[in-house]
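The residues making up each chain are set out below.
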Amino acid sequence: MPVETKETQAAVQAVKMAIEKYGPNREELIPILNHINQDIGYLPQESLDEISVLLKVPKSQLISVASFYQMLSTKKRGKHVIKFCESAPCHVVGGREIIQTLKNELNLVTCGTTSDEKWTLEMTSCLGVCAVGPVFMVDDDIYGNVTTEQVPQILSRYS
Amino acid sequence: MNTIRSMVLVSSDAMSMDAGAQEVFTRLQNEIHSFNLEKEVSVSMVSDIGRHDSVPMVIVYPEATLYGPVRPDDVHFLVEEHLYKGRIAAGLQAPVKELTGKIAWLSSRKGTLPAEQRIVLERAGVIDPTSLDDYILHDGYQALGTVLTSMSAQDVIAVLEKSGLRGRGGAGFPTGTKWKFVSRTAGPKKYVVCNADESEPGTFKDRLILEGDPHSLIEAMTIAAYTVGADEGYIYIRGEYVLAQERLKTAIAQAKEMGFLGKGIFGTNFNFDLHIHAGAGAYICGEETALIESIEGKRGEPRARPPYPTTNGLWDRPTLVNNVETLANVPPIIRNGADWFRSFGTPSSPGTKVYTILGNVNVTGLVEVPMGITLREVISIYAKGMKNGGTFKLAQTGGSSGSIIPSTLQDTPMDFDSFNKTGVSLGSGALLICNEETCVVDLAKVLVNFFVNEGCGKCNPCRIGGNRSLNILTNISEGVGTLDDLNTLIELSENLYQLSNCGLGQTAGVPQRDILKYFRSEVEAHIQLKVCPAGVCAMSGQRVY
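Taken in sequence, the protein lines are chains A and B. So for the first sequence, the numbering used here puts the first residue at 100; every next one is plus one. So for the second sequence, the numbering used here puts the first residue at 79; every next one is plus one.
I should point out that these hints are in silico values taken from the structure, not numbers from a laboratory.
Here are the simulated lysine-lysine pairs, DSBU-like style, with alpha carbons at most 35 Å apart:
#1 A:Lys158 x A:Lys178
#2 B:Lys536 x B:Lys595
#3 A:Lys120 x B:Lys536
#4 A:Lys115 x B:Lys376
#5 A:Lys175 x A:Lys217
#6 A:Lys158 x B:Lys327
#7 A:Lys174 x A:Lys217
#8 A:Lys120 x B:Lys267
#9 A:Lys120 x B:Lys341
#10 B:Lys334 x A:Lys155
#11 A:Lys217 x B:Lys327
#12 A:Lys105 x A:Lys120
Could you build the full structure based on these sequences and the hints that come with them?
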């Protein structure tokens with residue numbers, strides 16, 4: 100038996116809350132996963148184990164679904180998640196410069212999580228606010244019409 | 079009943095909310111109260127007002143004075159000046175020259191700007207999307223009443239077929255015909271599904287309808303369910319559209335309470351139940367069979383077709399899948415008749431189309447105009463020309479899965495058939511306008527990269543072909559491509575089109591095909607001269623793949 104840690108308890112608790120909300124049905128799997136992902140920030144293995152038992156779904160199927168959707172993460176992420184839109188409408192109005200600035204500011208060469216686990220940088224497809232490109236999201240906040248000068252200011256708002 | 083002399087509307091689309099619209103609204107209520115004006119002035123939150131450069135915006139009717147961006151601290155001054163003293167609050171007005179959207183339409187009556195023709199966005203930005211009363215006051219649920227009390231399913235299909243409405247999701251399939259297929263399929267249980275998984279880059283028209291006029295979608299889906307014989311429906315909405323989801327939830331609850339959804343609608347024996355299913359971030363789920371898989375709680379991998387969803391859809395039952403904009407056209411058609419609808423647009427593509435205008439132009443945003451207007455008109459009239467006096471080089475239409483249109487084709491009427499003849503795709507209505515600083519190789523790279531990221535990985539042509547194309551394009555952008563590569567790109571594009579399982583794979587090769595068709599010399603310059611004419615590509619001379 101794995102050692103019961105605070106994280107494990109939180110992972111199991113999140114599953115119970117999600118299933119209580121949506122019901123223990125296979126077709127509610129995506130809303131359930133979404134709920135846990137929002138609650139904890141990612142989908143811990145312990146959560147997937149618990150869902151597998153409660154929903155009577157093989158874990159392989161759970162992982163195949165969890166790894167398919169962009170908003171779900173099976174890896175632990177940083178405290179704040181930056182989603183940068185890399186689609187064409189943002190790209191042609193200056194997205195190239197913004198992503199470079201972001202990477203420089205965060206000291207990242209490619210996308211991923213910074214060593215202090217404060218930031219995770221993810222590339223994403225369209226966020227649906229194309230009229231104000233370039234666009235990126237920090238957690239739930241959308242920033243549009245971003246200029247390179249604004250990037251450090253925006254990042255400094257998050258502690 | 080008390081008479082209201084002024085109506086104050088606050089924009090509350092996602093961007094406005096982000097910029098503090100809620101606070102402005104609360105302050106407005108407080109200020110109006112403290113000036114003792116609440117009997118004379120109404121204030122409501124509406125959705126997108128049609129401008130994104132100065133949110134949050136406030137409009138005061140009947141003068142149609144537009145203020146923006148309004149900060150919470152400006153509200154006291156605005157109320158005192160405009161509503162109490164009756165003069166324009168100096169310094170707060172939004173810059174007039176860049177008007178788009180609803181405001182453009184309103185001021186067009188004064189002969190200042192070209193008119194839009196709003197059918198599906200008629201109420202967006204005018205009514206309070208969280209108020210069912212507002213919707214009903216603007217002819218809401220009238221079409222549903224007519225259908226349930228005096229029309230048969232055949233009557234509805236006949237009207238739709240006569241109207242010539244075609245699907246607005248991209249393919250342009252005749253809506254009446256699709257409804258007829260589902261209605262004729264026998265079965266004890268059928269479903270109606272609304273595709274609101276608007277993930278096409280550059281497209282946000284459905285978000286505006288969902289955020290600004292959610293009841294119109296519910297009304298249209300109920301009509302659809304009655305027509306095809308379904309009693310359950312799903313709205314598949316993309317996970318990123320949080321505000322739209324909230325608005326829809328509120329609207330569904332209101333409709334249930336008033337008996338527009340649920341059992342025995344309008345006192346008939348027709349029942350319809352509607353659910354919202356939020357996606358979790360996957361472009362491919364906009365493909366109708368992938369969407370159905372996703373509702374069933376699986377990976378969003380497209381099914382092999384046929385059988386089509388019209389016979390074997392959700393949980394293997396006959397299913398009608400329609401786009402938000404398509405459905406939003408239905409109630410106005412029922413209310414005003416097929417002939418009215420045919421008075422807009424072209425004979426083969428009647429009605430209007432919502433375009434989202436993006437890129438290197440002066441005014442970005444969205445317009446709803448009759449089908450058949452040209453790209454040149456859109457750029458010069460609605461987008462107010464190219465930004466910083468740039469030159470129009472190309473437009474990328476219909477999001478990633480659309481086509482690239484060179485400036486030489488900008489006078490083609492934008493409707494389904496004219497576009498088909500020229501070999502381009504109207505797609506979802508996104509118009510990404512690019513100036514001469516855009517490199518076609520770089521653009522194709524971004525577009526193909528999108529397909530590589532968003533492909534589901536189920537079928538080989540798409541999974542392998544997409545990656546191969548991206549590698550070759552990357553090499554060309556680094557200055558190490560060969561002329562032979564161009565033949566490979568064409569071959570890959572054809573293979574993708576012919577062999578892929580779904581629409582995503584079939585269009586994944588379009589960018590490379592289009593740039594070689596219209597801008598071959600520019601691509602060859604990368605290879606033969608080792609120069610990127612637009613100065614965008616890195617041209618490092620290093621082979622990446």
